[in-house]
Structures are given as structure tokens and as C-alpha cells.
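Asks: Now for the letters of each chain:
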Amino acid sequence: MSSTVYIIICALLSVAVLLGISLMSRVKTAVAGNLISAFSVFLAIIVTLLFNNILESWSIYLFMLVGVLIGGAFAVRVKMIQMPQLVALFNGVGGLASALVGILSLLGIGIIAGEYLVFVNVTSVLAIIIGLVTLTGSLVAAGKLHKLLPQKPVIWKNHSAILNFSLIVLIMTAIFSAFSKNISFGVEIALVVSIIVSLLFGYAFAIRVGGADMPITISLLNSLSGVAGAIAGMAVSDLLLVSVGGIVGASGLLLTQIMCRAMNRSLKDILTGKTSVTGKIAVTGKIPDQIGLSHDVITGAAVPGNDEHEPIEVASVEVSEKTTEEILKSAKSVIIVPGYGMALAQAQHLVRQLADILEANGAEVKYAIHPVAGRMPGHMNVLLAEADVPYEKLFEMDAVNDDFVTTDVAIVIGANDVINPAAREAKDTPIFGMPVLNVDQAKEIFICNYDLNPGYAGVDNPLYRRTEGLHLLLGDAKDSLNEIIAKLN
Amino acid sequence: MNPIFLVLVFIAASVVGYLIIKNVPSLLHTPLMSGMNALSGITLLGAVAAVGLSLIAVDSGGRLLGQLLGGIAIIAATVNVVGGFGVTHRMLKMFDKKKKKL
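Those protein sequence lines, which keep their order, are chains A and B.
If you read the first sequence in the working numbering, its first letter stands for residue 8, the second for the next number, and so on.
If you read the second sequence in the working numbering, its first letter stands for residue 10, the second for the next number, and so on.
Think of the hints as simulated: they come from the structure by calculation, not from any bench.
Think of the CB as a built atom: it goes at the ideal place given N, C-alpha and C, for glycine as much as any other residue.
It cannot be assumed that every hint is accurate.
To be verified - Here are the computed distance ranges between Cβ atoms for each label pair:
1) B/27 / A/42: 17 to 27 Å
2) A/168 / B/105: 49 to 59 Å
3) B/32 / A/172: 40 to 50 Å
4) A/186 / B/16: 12 to 22 Å
What the hints assert, rightly or not - List time: in silico PhoX-like cross-link candidates among lysine-lysine, alpha-carbon distance up to 25 Å:
5) B/31 / A/35
6) A/485 / A/339
7) A/485 / A/86
8) A/400 / A/373
9) A/339 / A/373
10) A/373 / A/485
11) A/35 / B/102
12) A/400 / B/31
13) A/373 / A/494
14) A/373 / B/102
15) A/336 / A/450
16) A/86 / B/102
17) A/86 / A/400
18) A/336 / A/373
19) A/336 / A/494
20) A/400 / A/485
21) A/86 / A/35
22) B/31 / A/275
23) A/400 / B/102
24) A/485 / A/336
25) B/102 / B/31
Work the whole structure out from these sequences, hints included.
Replies: This is the structure:
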């Protein structure tokens, strides 16, 4: 295969990948788009084998078979709620692969020696650095999402200094690698330093990010894994790596921007560890002594608050108990607001059941999806799709926010910060300015949350103090929903 | 290959990619991300070339290291590609199946 033919084929395959991605902008064509992208990668592998004349290198097939088996097992077994950590994990292994390609290219193993040695050395080192930062950063992110690591930001003494220092060392190593061939053991020094320091850097930067900032972090790591691939491609002169890596890098960056805007956070704040929960409460998972209690709360007892927050008296619950049924039966328009709590309780199927009943009673049901509901961009949509909720009923925040005023009933399931009106009014809170769903404007509000503790941002929700038209159903969302459904039947 | 050409390709691909991806609605952001994730395993091509070339190289000096590191790279990248596309396909089919029912 001549290099002209090779370049043309690479260009065509890049266009095919872009076509595949553009098809992913609509549900109807998305499946085809994904298949086109996958098929392009398959063709690219064959082209690579032909172009390098390495069809007979048997070990390639052996290694790929192992990868196919492991990757296939992941793809089939993973649960939809585990998608964020899976994506994080895959980002990490992608970064590892790019870093290894960088290492081999720096050592001059398995590449056709070219004339641009300085460029190859610098890009190799950069590929190692970005790849390994992606690896450890992603593993930490996956660990946090999978609850293997604490959700709270871990902040060391001199954390910023360590990060800044490692960053400077990494930049200097990249510059040094340009001259490393002329210095004895220069390549080895560049290799060892870049490996150790980038592994440390990735770990240090990710460990400081809190659980709720994960949507942003994994978007960023997604971008980095693409950039690592592109730079590894520059090192080994592989056009497809460069173009596809660039596309992935751009997409990750775009998603990062969208997430930052939706959470009202600047990327800099997250990377420098200015998490809104420094030292404050971040209630995640179940608190043992509340599990037994939680469901009794519905009868009107004071809520067991935590030390820092005054217990909120739940008023008017007695009244609401009697009218829940009537309100829901007579509702003509309902907006359901799902949050990560719904995912934790695995309540999406019950949500669907409730929606079906309400629709059978003549109500129009919509779902309002906040951009950062869940633990990765678009996570809530996938969970609801899993429960067979038609995607036409899923509305983005901007499309549905004005409808709350005219809505009879808003049902919140496991969401807190994204419905907190304090974001509009309370200037001194960390969530001030964050776009929120206007749940408070609905006539009747049902909230099926685990407890009344503040959400991840640590800000009390004034919505809970409302005395009219508020129905709190505390406890596991599954139980609460079952209760409502039982009443309606 | 000329470095300037490679850098230009990188910039062009990023810009075009950015513009196209902007059209994807947030409804599909999770599948988009896992699809992109799969594509980042494209580095598989580099790993394949490295393993292949080091296996058939006349100079056997770096063969063992090439097979070892390159082999891990191929496995990691293949997991990324196969797992990524596979799970994206699964997700997208969940969105699509209602279409047939309605």
C-alpha cells in the first residue's frame, strides 16, 4: 500500500467516523451512527495491518482476542446505573494504551525510524504524560463513583503546591526530551520521570474532586484520553490516531463546558479543589440509624436532622396523607423530576408505573431532566430509557421550566440541589446562580427523598419548609412510590 | 510524516468534531460519551503497529519489551473499543425500542 493511498483511506475513515457521530444526534439514527463508527475502527485496524505489512504477526491477534473477551464481558454485564464508572474505567485503559504506545515510540521499539526525531521524542513523552494522568485520574474517578473510595474530596497538606510542582516537572521533562538523545541516559531519565510524576499528578488531581463534580471530571478525562491518543498518533505518524483523537478531545471538552455551565462551576474551581463541600456534610449512601426511622417520618414526626442543621418540622403531613390520592387522581398535568436518588433506589421502573397510572387517569405526564441529574452527562435519560419511558416525554430543563407554573403536580424523586430555590435567591450559598428546575412554582409538590438533609452542595432547601401543597414522602424512593401506587389502585 | 501536517490534521479534526458534536442533544449525551470513549481506543492502531513491527524486526533487541508493553496496550485498547461500542449499542437500543412499540 503506497502512502498516498494510505492517506486517502485515512481521510475517508475519518469522514466515516464524523458521519457516525453526526448520526448520533438523533435517536432514530444513533444506532446506525454507532455501528458506522465501530465499523470504521475495524477497517482502520485492517488498513494498519496491511500498510505496515504485519498481517503475519500472530501475537497481535492473540492480544486482541483477550481484549475482545474482557471488553465484551463488560459491555454485556454492566448495569446502566454503573455507566459513569464504566466510562471512567474505559477512559483510563485508553489512556494507558496511549501511554504505552508513547513509551515504545520513545524507546524506538516497533516504529519505522523517521527524520523528525525531536518531534517524535517530545510527542512520545507528552503521550506518556497525558495517557498516565488519564489512567490514574480515571481510576480514582471510577473508584469514587463505584464507592470504593470516599466521595468527599481528599485534601492533602500543600495539595496545590504538590500539583503545581509536578506540573512544572512534567513540562520540563517534555522540553528536556527534545534534547534527550544527545545526553547519556537522557531517554531513560525522561521516561522514568514522566512515568512517576504523571501517575502521581493524575492521582493527586482526581482525589481532590468531590463525588458530585464527577460528571465534569469524567467529561474532562474523556477529552484527555482522546488528546493522549492524538499525541501518541503524532509520535508514531499515524494519521487516524491524530484525527480521531482530536475529535474525541473536542467532544470531551464540549461536554465539560456544558456540565460546568449547568452546575454553575468554573473548571478552574473544580481542578483547584474549590469544592462546595469543604469540610461540610456530604450525605451519601445510607446512614444506619436512619434506615429504620425514615419511613415513620411520614406520620409527622420531626425529622432526624444532622448536627449542623436544625431539624425541619414537617407540617401538614396529616392533611396530605388524606388527599394524596385525590390530588393525584384529579391532576391534569404532572411533571416528574428524577434525580440521582431515583437511580440509587433503582426506582425508575416504579416511576414509569406511576406515570402510567396517572396517564390512565387522564393526566399529561412529562419528565424534567436537569443537565447534571445523575453522575454523568445524560445519565438520567439512559436510566429512564431503560425503564421504557418514551424519550419524547423527557424534557431538558430549558424546554420545561416555564411549564411548572401551569402544572398541577410536580413529583420529585431523589433530587435536591437541582430543585433548590435557594440557587435563585440566596446569594451567599455555593449553588447561587446555578440553574434549577422551578419545582416550587407547581401547585402541589410531592417529594420522595431519602431524608431532608441538604444535598451534595450542603445548602438547606427552603422548599421543605413550605406549608401548603407540599407532600414529603421520606425514605427509600421505592417504598414511597409503592405506597403512592397502592393508594391509586 | 511531516509534523506540521500532523498538527494541522489534529486541529482540523478537533474543530470539525466540535461543530458536529454540538448538535447532539443532552438526551443522548451518555451514549455520545461512551461512543467517544470507544473511539479513544483508536490508539489500538498504534499498539497494533508497534507489536507487529517489533515482532518481525530484524534487530531482536526490543522484541520482548515490544511484545510485552505493546501486548498490554493492545489488550487495554481493545477492551476500550469493544466494551465502549458494545455498551453504547446496548444503550441506544434501549432508546430506540419504544419507537417500534408506538
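Asks: Straight-line Cα separation of residue 31 of chain B and residue 275 of chain A no greater than 25 Å?
Replies: 22 Å, holds
Asks: Regarding the pair residue 86 of chain A and residue 102 of chain B, is the alpha-carbon distance no greater than 25 Å?
Replies: 14 Å, holds
Asks: Does residue 400 of chain A pair with residue 485 of chain A here, judged by a C-alpha cut-off of 25 Å?
Replies: Distance ~21 Å between residue 400 of chain A and residue 485 of chain A Cα, so the pair holds.
Asks: Between residue 86 of chain A and residue 400 of chain A, does the CA-CA distance stay at or below 25 Å?
Replies: With Cα atoms ~23 Å apart, residue 86 of chain A and residue 400 of chain A stay inside 25 Å; holds.
Asks: Just to be careful, I want the Cα atoms of residue 339 of chain A and residue 373 of chain A compared with a cutoff of 25 Å; is the pair within it?
Replies: 11 Å, holds
Asks: Tell me if the beta carbons of residue 27 of chain B and residue 42 of chain A are separated by a distance inside 17 to 27 Å.
Replies: Taking Cβ atoms as reference, residue 27 of chain B and residue 42 of chain A lie about 23 Å apart, which means the hint holds.
Asks: Quickly compare the C-alpha distance for residue 485 of chain A and residue 336 of chain A to 25 Å and report which way the hint goes.
Replies: 20 Å, holds
Asks: Can you confirm whether the C-alpha distance between residue 400 of chain A and residue 102 of chain B stays at or below 25 Å?
Replies: 17 Å, holds
Asks: Are the Cα atoms of residue 86 of chain A and residue 35 of chain A separated by 25 Å or less?
Replies: Cα-Cα ~23 Å, so holds.
Asks: Between the beta carbons of residue 32 of chain B and residue 172 of chain A, is the distance compatible with 40 to 50 Å?
Replies: About 41 Å separates the Cβ atoms of residue 32 of chain B and residue 172 of chain A, which means 40 to 50 Å holds.
Asks: Between residue 485 of chain A and residue 339 of chain A, does the CA-CA distance stay at or below 25 Å?
Replies: At roughly 24 Å apart (the allowed maximum being 25 Å), residue 339 of chain A and residue 485 of chain A satisfy the hint.
Asks: Is the hinted pair residue 336 of chain A and residue 373 of chain A satisfied, with a Cα-Cα distance of at most 25 Å?
Replies: 16 Å, holds
The structure agrees with every numbered hint stated previously.
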